[in-house]
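Undergrad: Residues per chain, in single letters:
Number of protein chains: 2
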Amino acid sequence: MSSKFRILDCTLRDGGYYTNWDFNKDLVEDYCKAMEVLPIEYVEIGYRSISLDGYLGEYFYCPEYVMKRLKSFMPSKKLVIILDEKNIRPEHLNDLLEPCKPYISMVRMAIDPKNFERAIILAKGVKAMGFDVAFNVMYMSNWKENSTFLDLLEGLEDTIDYFYMVDSFGGVLPEDVKEIIELVKSKTNVPLGFHGHDNLEMALINTLTAVENDCVLVDGTITGMGRGAGNLRTELLLTYLNSKNILNFDFTKLSAVVNDFELLKNKYKWGTNLPYMFSGAFSLPQKQVMEWVGMNRYPIGNIVNALNNQKEAIQDN
Amino acid sequence: MSSKFRILDCTLRDGGYYTNWDFNKDLVEDYCKAMEVLPIEYVEIGYRSISLDGYLGEYFYCPEYVMKRLKSFMPSKKLVIILDEKNIRPEHLNDLLEPCKPYISMVRMAIDPKNFERAIILAKGVKAMGFDVAFNVMYMSNWKENSTFLDLLEGLEDTIDYFYMVDSFGGVLPEDVKEIIELVKSKTNVPLGFHGHDNLEMALINTLTAVENDCVLVDGTITGMGRGAGNLRTELLLTYLNSKNILNFDFTKLSAVVNDFELLKNKYKWGTNLPYMFSGAFSLPQKQVMEWVGMNRYPIGNIVNALNNQKEAIQDN
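One line per chain: the protein sequences are A and B, in this order.
Just so you know, we're using the numbering used here here: the first sequence kicks off at 1 and counts up by one.
Just so you know, we're using the numbering used here here: the second sequence kicks off at 1 and counts up by one.
Extracted from the complex, chain A is given alone in its bound form (with noise of 0.2 Å):
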């Protein structure tokens, strides 16, 4: 396997979606240290986001004080802030991104194909000021039979750092992977990430097939922390690629913060379960799997039976 690809840690921005973006100073601070002396190129610290209704926690916001803060535990690393398309117009722009200036390296973009041709506008303004930016393309497992806004990349290699295919139901197998890069490949040549989830624990072997077939920049969180049935682990990938010499660490300081980590998902229990393999294997949303697994109230059953009933309309997010 070639070592050219470089890892993306997002625990504290998709490990948010279960703490609504609050997190413990001091836990922050440790994560910070340990990603400092990891072999983590980019670390994605959270949403920068205009106001939106009810409440939503630091590091849905990350303002300057995060930045400055989290900048200051990890001089040597790139770090990162995303922006969700669907709330962030040009003209915000500046308000969201010119503070992020002296902290930020890459902006990434959450967008769901349907909105792609806003989303390449929007990009415009974010490189314009200066940013990397990654295109983080939700619903990976629905290209096969839509793939007609990927004809919108021609030309956008110099607006686009990477483009991310997101499997955003955590239901896709590496030749789904394998296929789907083909697809990205012969529509761009932006280099390409990987955004794996863990539905059907497929998150680390997607994530090697993607890197096989030529992506450069693969995600993780630690302990998998991330919406639903959460993310590709980053101490699992890290713990491969050492056992196969192509990255060399301390693993003390992996296990510190994994330990860290391991305490909070006791409270909150992320990691697959019947109903987000279900969800997985059908492509179907997990915002509302998660919110009933959250309220701990309903039977497994009860989930896989309403999600059964679910599996003509299908919408998420």
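Since the hints were made in silico from the structure, they are not lab data.
Just so it is clear, CB atoms sit at the ideal spot from N, CA and C, and this is done for glycine as well.
One should not assume that every hint holds.
Listing some non-contacts, in silico: residues in chain A with all C-beta distances to chain B over 12 Å [what the hints assert, rightly or not]: (1) Y17; (2) F23; (3) E36; (4) Y55; (5) F60; (6) M74; (7) S76; (8) K78; (9) R89; (10) P99; (11) D112; (12) L150; (13) R233; (14) K244; (15) G271; (16) N273.
Covered, in the sense of this in silico footprint (three residues per stretch, anywhere, with C-beta under 8 Å from a C-beta of chain A), are these stretches of chain B [claimed, not checked]: (17) 20-31; (18) 73-82; (19) 199-212; (20) 262-274; (21) 277-286.
Based on the hints, put chain B in the right spot on chain A.
TA: Leaving out everything else, chain B in the frame of chain A:
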């Protein structure tokens, strides 16, 4: 994917590593009744064994009243018991297996390749008593380096009904599964089985790869309950196969039994974690990891450090 393969569930046998082979009577009844209606061909209910030192529970010995009771709940299933070859000699077979005859269809044998010759002698004795015989041969991740024992399979097609490859360390990847199957196929025509572990979250993809490469029998346990990081989760395999229209079944029944075992999982906490990932990636024995993790006294970092120190001198079981 072919639908010619069959599933064996070994929740009570492999899960027993966490409960010392004791299970609540009602839980077992619910489990058996779920198995009876799910598309599972074989149900392995435990070990049969000579008396060993220390306390070992009901499903380590499977006395006749246990076999009789479980068969009454699962009249349509083929029940299986397993012998740990290292403890069982031909002179034990009569006492151990004669009481099984009314209830048990197949006897599996857990075998260390280094005892392969002795195992064949035992297998002939088991076969002569009228049972189907399955070899569960451990440490498949080492076979590429040492496969001479496989030569002994020649001419045993009438003695061994299934030859199982066991990923004892949970460390193989799909490419390894393919290669090892090719290796075994070059030596024997005995139908193949695969028993995966989940240290690297490869249990499902390895099992699917095994099936695509002609394995006809594959193992799972409900919620993955099993030694160390645990097994392929039966519900994950069934859900995936259902989504591909290969198997149909009642999700309500599956959900109920998964729910029962999730409650046990909250107590015993099987599933992969950093120490199990490490032992899987480096083919280290998970028996000791399991003790360390189970004691709940050692921080993950200490366990990983101890494992690191062990990388050179390896033995399990």
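Undergrad: Indicate, hint by hint, whether the structure satisfies it.
TA: Evaluated hints:
1. Y17: 20 Å, holds
2. F23: With a cut-off of 12 Å, A/F23 remains clear of chain B, as the shortest Cβ separation is near 20 Å.
3. E36: 17 Å, holds
4. Y55: 29 Å, holds
5. F60: Answer for A/F60: holds, closest chain B Cβ roughly 28 Å.
6. M74: 21 Å, holds
7. S76: Given a closest Cβ separation of 23 Å, the condition holds.
8. K78: 25 Å, holds
9. R89: 38 Å, holds
10. P99: Label holds. Min Cβ-Cβ 36 Å, cutoff 12 Å.
11. D112: 23 Å, holds
12. L150: 25 Å, holds
13. R233: Nearest chain B Cβ is 8 Å from A/R233, so the label is violated.
14. K244: 8 Å, violated
15. G271: 8 Å, violated
16. N273: 7 Å, violated
17. 20-31: violated (count 0)
18. 73-82: violated (count 0)
19. 199-212: holds (count 7)
20. 262-274: Since 5 is at least three, the answer is holds.
21. 277-286: Held - the segment 277-286 of chain B has 4 residues with a Cβ nearer than 8 Å to chain A, which meets the minimum of three.
In terms of the numbered hints stated before, the structure departs from hints 13, 14, 15, 16, 17, 18, listed from lowest to highest.
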